[in-house]
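Protein chains: 2
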Amino acid sequence: TVAAPVLAQGGPAISWRLASSFPKTLDTIYGSAERFTRRVAELTGGKFVIRQFAAGEIVPGLQVMDAVQAGTVEIGHTASYYYFGKDPTFAFDCAVPFGLTSRQQTAWVDQGGGRELLRDFFKGHGLINLMAGNTGTQMGGWFRKEIKTVADLKGLKFRIAGFAGRTMERMGVVPQQIPGGDVYAALEKGTIDAAEWVGPYDDEKLGLVKVAPHYYAPGWWEAGPQLSLYVNIKEWEKLPKEYKAAIEAASFECHVAMQAEYDARNPAALARLIKNGAKLHTFSKEIMDASFKHATDIMEEEAGRNAAFRKIYEPWKRFRNDQNQWASVAEAPMQNFLISAGRK
Amino acid sequence: TVAAPVLAQGGPAISWRLASSFPKTLDTIYGSAERFTRRVAELTGGKFVIRQFAAGEIVPGLQVMDAVQAGTVEIGHTASYYYFGKDPTFAFDCAVPFGLTSRQQTAWVDQGGGRELLRDFFKGHGLINLMAGNTGTQMGGWFRKEIKTVADLKGLKFRIAGFAGRTMERMGVVPQQIPGGDVYAALEKGTIDAAEWVGPYDDEKLGLVKVAPHYYAPGWWEAGPQLSLYVNIKEWEKLPKEYKAAIEAASFECHVAMQAEYDARNPAALARLIKNGAKLHTFSKEIMDASFKHATDIMEEEAGRNAAFRKIYEPWKRFRNDQNQWASVAEAPMQNFLISAGRK
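For the record, the sequence lines run as chains A and B. Under our numbering, the residues of the first sequence are numbered 43 to 386, in order. Under our numbering, the residues of the second sequence are numbered 43 to 386, in order.
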């Protein structure tokens with residue numbers, strides 16, 4: 043071991059802009075990306091600086107991927123299922139209904155062949171993808187009235203998008219697209235019947251408990267939604283290899299930190315919500331079974347007509363089935379026992 | 043953005059040795075540490091080189107922490123519960139019976155106050171601790187005969203150590219300490235009745251299915267055992283800050299990769315084991331309940347007499363209880379539904 047002299051870092055000064063799809067109020071998501079940019083700077087002796095911009099500061103939140111592809115910004119932090127409308131295949135890098143849990147998604151991407159499949163797909167869109175966070179299983183949203191049967195879903199105006207909206211439509215739900223800022227008033231007036239967001243920690247800030255107190259779980263359309271960093275592939279290729287390594291290594295820290303922060307913050311937020319009137323429910327078996335059937339049909343139909351989707355879906359499906367079988371042996375019995383023991 | 047010139051890395055050349063507690067045959071654990079050392083080298087332009095040594099190459103596997111403390115090596119990769127005999131407080135950095143799952147442990151360390159509590163404890167032992175992997179809930183081991191009731195445990199010679207051994211003793215088990223290489227022969231001859239190791243992927247290599255086919259789950263003494271890197275604190279303080287950052291960032295990658303690799307590899311290994319005669323069982327509710335009671339008693343007793351243990355145990359216990367309550371709302375119902383849907 044040698045004593046360390048003052049480090050004279052020899053890398054080039056590089057300045058990038060990161061567009062986030064999220065507002066600063068989503069501090070768990072936004073903050074984990076700050077941890078990423080801070081770490082990249084530290085790793086490069088302050089030479090590689092990535093400035094982060096919230097949704098709307100450079101581009102609207104739902105156009106982050108487009109901005110990275112166009113080179114407006116070099117890197118973006120977003121959720122791939124926002125781009126479901128371009129091609130449902132994008133959703134595999136985030137979540138599809140009844141998809142992988144947080145841990146399973148990470149296993150699939152890092153060690154189950156997922157990264158290779160996704161890199162190949164995103165390369166065709168001019169992007170390099172990196173895992174950068176997960177929320178864990180989300181909540182199923184806030185409902186003005188109890189929903190017990192599939193019949194109760196008929197005509198329900200639910201603020202929900204993408205794959206989940208398509209699945210819900212088959213059960214008679216009328217998916218609604220309204221801006222986030224209008225959700226509270228729409229629920230209060232009854233213009234919509236339900237809305238879903240994330241989980242207790244983020245949901246609490248919206249105050250929906252006052253206007254739609256029935257709080258359902260689980261959000262089966264987001265068993266383990268992953269957030270990602272997308273880098274413009276031409277900018278990526280210009281980087282020295284140490285800077286590529288800095289982005290890769292720091293993305294793992296961001297990935298760990300976001301899930302950890304959600305896990306650490308959700309329990310107290312849920313307790314406060316319940317104290318403030320939230321009525322906690324689990325979706326009935328009838329609703330879960332019907333949702334699973336329709337979601338599976340939609341995935342299979344998409345696989346039938348979309349070669350890019352099919353190429354990922356088939357190995358993904360095998361991975362998911364194997365994971366759930368293995369989870370049934372040790373992990374789930376352990377978690378279920380810990381839950382029941384904790385109730386005593 | 044600037045085009046990147048050839049990088050002239052300005053950091054000092056530093057060479058460290060990493061002692062692993064594990065043999066190369068545990069390729070999931072050993073390999074994730076290789077990913078750590080490789081990433082550190084990449085991040086520092088090849089200037090900070092950490093050479094890894096398997097158990098026994100420099101020091102025996104169970105003396106890795108001592109070797110780091112003594113400065114024989116600068117860094118070690120080990121499981122803190124191996125040092126349970128010095129002080130049971132060490133175990134919180136790995137696993138205690140009915141402790142945190144993999145995701146909960148990560149949340150506790152990174153965002154739940156765990157890192158601060160553990161850093162304070164390890165600092166007193168001359169070490170800096172970093173999370174560096176997890177196996178997920180382990181299996182409960184291989185048994186020559188079925189074990190249905192607490193009465194069946196009486197007199198059972200079980201190769202198991204530490205906290206788990208102490209808990210088992212209260213139910214009449216006789217914990218055995220025999221070298222890993224002798225386990226197969228001891229089970230074959232009936233010198234011991236049962237042995238536990240890790241999970242399907244690692245267990246398969248030992249071939250115990252042939253001599254003790256009853257394969258139990260869950261390993262309640264290891265709900266989510268964490269592996270850690272320990273750095274000699276004096277060596278740590280000599281590092282330039284970019285090299286400290288490299289160790290920290292690379293440790294997150296190692297942490298993600300190990301759990302992901304276990305998750306990805308266990309399902310196929312379990313299928314092969316079952317094909318080769320493994321009889322899968324879940325510990326009975328009677329055994330789980332009794333084990334939980336004894337484990338809780340032992341933790342409380344230790345907290346009563348050991349201030350270092352108590353200082354971590356009290357906030358840890360609150361964190362665990364909150365986590366399990368939250369898990370019962372969304373994550374566990376989702377996982378349980380996915381398991382049941384996959385069986386159809």
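Treat each hint with caution, since some may be false.
Sample of chain A residues with no beta-carbon within 12 Å of chain B, all distances over it, derived [stated by the list, open to error]:
#, residue
1, Gly155
2, Lys187
3, Gly214
4, Asp224
5, Asn318
6, Thr338
Think about it this way: if two alpha-carbon atoms lie no more than 25 Å apart in a straight line, the pair counts; the simulated BS3-like pairs of lysine-lysine are [stated by the list, open to error]:
#, chain 1, residue 1, chain 2, residue 2
7, B, Lys196, A, Lys353
8, B, Lys280, A, Lys89
9, B, Lys335, B, Lys196
10, A, Lys359, A, Lys335
11, A, Lys283, B, Lys283
12, A, Lys280, B, Lys276
13, A, Lys335, A, Lys317
14, A, Lys359, B, Lys317
15, B, Lys386, A, Lys283
16, A, Lys386, B, Lys327
17, A, Lys252, A, Lys359
18, B, Lys231, B, Lys190
19, B, Lys199, B, Lys321
20, B, Lys386, A, Lys190
21, B, Lys252, B, Lys165
22, A, Lys199, A, Lys327
23, A, Lys335, B, Lys386
24, A, Lys89, B, Lys89
25, B, Lys286, A, Lys317
26, A, Lys286, B, Lys190
27, A, Lys386, B, Lys165
28, B, Lys247, B, Lys327
29, A, Lys321, A, Lys190
30, A, Lys386, B, Lys199
31, A, Lys187, A, Lys327
32, A, Lys89, B, Lys283
33, B, Lys89, A, Lys283
34, B, Lys190, B, Lys317
35, A, Lys286, B, Lys321
36, A, Lys386, B, Lys321
37, A, Lys359, B, Lys386
I should point out that these hints are in silico values taken from the structure, not numbers from a laboratory. Virtual Cβ for every residue (Gly too), placed ideally from N, Cα, C.
Fill in: Pair hint outcome, Lys286(B) versus Lys317(A) [Cα-Cα no greater than 25 Å]
violated, 44 Å
Discussion item. Next pair to validate is Lys335(A) with Lys386(B); report whether the Cα-Cα distance is within 25 Å.
Written reply: holds, 11 Å
Discussion item. Given the hinted pair Lys247(B) and Lys327(B), is their Cα-Cα distance within 25 Å?
Written reply: violated, 30 Å
Worksheet item: Is Lys199(A) within 25 Å of Lys327(A), Cα to Cα?
Response: Holds, at about 21 Å.
Worksheet item: Given the hint that Lys359(A) pairs with Lys386(B), does the C-alpha gap stay at or below 25 Å?
Response: With a Cα-Cα distance of about 14 Å, the restraint between Lys359(A) and Lys386(B) holds, given a limit of 25 Å.
Worksheet entry | 25 Å Cα cutoff - pair Lys386(B), Lys190(A) | holds, 23 Å
Worksheet item: For Asn318(A), is the shortest beta carbon distance to chain B beyond 12 Å?
Response: holds, 16 Å
Worksheet item: Does the alpha-carbon distance linking Lys359(A) and Lys317(B) stay inside the 25 Å limit?
Response: holds, 22 Å
Discussion item. Holds or violated: Lys252(B) and Lys165(B), Cα atoms, limit 25 Å.
Written reply: Given that 25 Å is the threshold and the Cα spacing comes to 45 Å, the pair is violated.
Worksheet item: Do the alpha carbons of Lys89(B) and Lys283(A) lie within 25 Å of each other, as the hint requires?
Response: holds, 14 Å
Fill in: Separation of Gly155(A) from chain B, once the least beta-carbon distance is taken, above 12 Å
violated, 9 Å
Item to complete: Quickly compare the C-alpha distance for Lys283(A) and Lys283(B) to 25 Å and report which way the hint goes.
Response: holds, 20 Å
Hint violations for this structure: numbers 1, 6, 7, 12, 13, 15, 17, 21, 25, 26, 27, 28, 30, 35 and 36, all remaining hints satisfied.
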